[in-house]
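Single-letter residue listing:
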Amino acid sequence: MSMPFYVPPEQVMKDRADFARKGIARGRSVVVVGYDRGIAFVAENPSRALHKVSEIYDRIAFAAVGRYNEFESLRVAGIRYADLRGYSYDRTDVTARALANTYAQTLGAVFTQESKPFEIEIVVAEVGADSDSDQIFRLTYDGSVADEQGFVAMGGASEVAEERLGTGWRPGMTLSEVLRLAVDVLGAGGNGERRDLDEAQLEVAVLDRDRPRRSFRRIGGPLLTRLLGEPREPRETTDVPAAALGSESPVAQADSAEDASPGASGPPTPPA
Amino acid sequence: MTQSSTGRPRRLDDAFLTAGSSSFTEFLTAYRPELLPAGRRLPSGATIEAPHGTTIVSLLFEGGVVMAGDRRATMGNVIANRDMEKVFAADDYSVVGIAGTAGIAIELVRLYQVELEHYEKIEGAIMSLEGKANRLASMIRGNLALAMQGLTVVPTYAGFDLDSATGRIYSYDVTGGCYVESGHHSTGSGSVFARGALKKLWRPGLEEQQAVSVAVEALYDAADDDSATGGPDLGRQIWPTVAVVDHSGARFVGQDVLQGHVERVVAARRDNPGGAR
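As given, the protein sequences belong to chains A and B, one line each in that order.
For the first sequence, position 268 (counting from the first letter as 1) is numbered 268 according to full-length UniProt numbering, and the numbering increases by one without interruption.
For the second sequence, position 22 (counting from the first letter as 1) is numbered 22 according to full-length UniProt numbering, and the numbering increases by one without interruption.
Next up, chain A with everything else stripped away, as it sits in the complex (with noise of 0.2 Å):
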């Protein structure tokens, strides 16, 4: 029997973070971002199928970087956690802070205790009555919560992305110049190169303020081309209007699901 080598706390922790980082920092970025009727995802995922964004419940959404598996089955516990607590309570009792602390808690019961932490950052956010009212929780693989104000980016180069955010990003921007704000910012690279991302690179969702119960909405297809091809001065009618999003119904882009099979479900391959 060989006896293990005594290694530091300290040493150890800066290990498994620095792994997690590493794991990361490989993927592919999803920006979270206010705007004056909601809150917009925006992720560069080509999937049409294996989504980083998702519905949680009647007024919060979940993103994810990192890997799938470990990514996935924390949404699936927060939809759980979330319909049992509106079951066994009400609907008004679930919030983003409640489920946001749990996760803390799991991710942070992972990183000390479990032999590989997760490779994961997740955002949980909750659309308010008024833009000063939403939420947004960025947990890291540690278990550490962050209450952000206004804007997230996540994943790999997400340091340059949220700078980027800093100075674009204002109070009250329309869905349309938040949605452009979010493709630049996922565009440009760590070491200044640029990539132009068209629609079928993205998934994007909202969390729509003025949508009654569950306002969780995809938008896709022909709404996102438009969303994205309005010019950048914002006129009067540049707001989305809420029918033209109640037109997508809120699965419209899960109908592809036929490749969705596990294998592809790894973490997304790092950009060259």
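Treat each hint with caution, since some may be false.
[To be verified] On the chain B side, residues computed to face chain A include the following (Cβ under 7 Å):
(1) F16
(2) F27
(3) L35
(4) L36
In case anyone wonders, no lab produced these hints; they're calculated from the structure.
Virtual Cβ for every residue (Gly too), placed ideally from N, Cα, C.
Given chain A, work out where chain B should sit, using these hints.
Using the frame of chain A, we list chain B on its own:
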């Protein structure tokens, strides 16, 4: 999240993180079985008196389906509730109406609504109409032990089938048997009289407004002969609950529209109580 015995918050239980199931009922069965409607135990042989909901009618029209329910709940010879809702939207494209023990039925519907939404969120797709009808059947089956002690729940389920673009009606029995109905169906204590009316009033290819009117009239006939079914209450302005499901989804008919239908039916029955035509 659960609290450990020491009061320290713990990570999510394994039940939350287990992969595989998209069913909320299965999750509850594994994790919190006491929250299931069928999870309660009754002393054997005992019967209790609880409010009962009564008559539900549903009928197909061209391009959809209408479901209507009266508003009365009775407990023995007492009217327990005059304005109870017994028709509920199950999800965006279907409705469920309940007859039987009101408390258990409403709890069952609540669970069923969560079940459908839960599946939709986890799978990212809407369950097929047949699948939804079967889920309801298995929930009724789980209630059999309570039904044997008098706490029966007999729902009717109606929805719009997005694949075939038609309305469909499913009826159930206490044991969870699920049957597709062609044309129309009624359940509850006044169902015998409502069915008689539907037989005479329903025909294929009705318009939506005609179908709503037929549903209101069938409930009127049920209330005429069954003391447990509430008729339209003109004094209190209580009208039946009427839901319409078509390609644009499930919606409830507004009070003002219903009032028009009710007043027409009532006026037509003046000096013609049987509705002979």
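Please name the hints from earlier in the document that this structure breaks, with their numbers sorted from lowest to highest. 4
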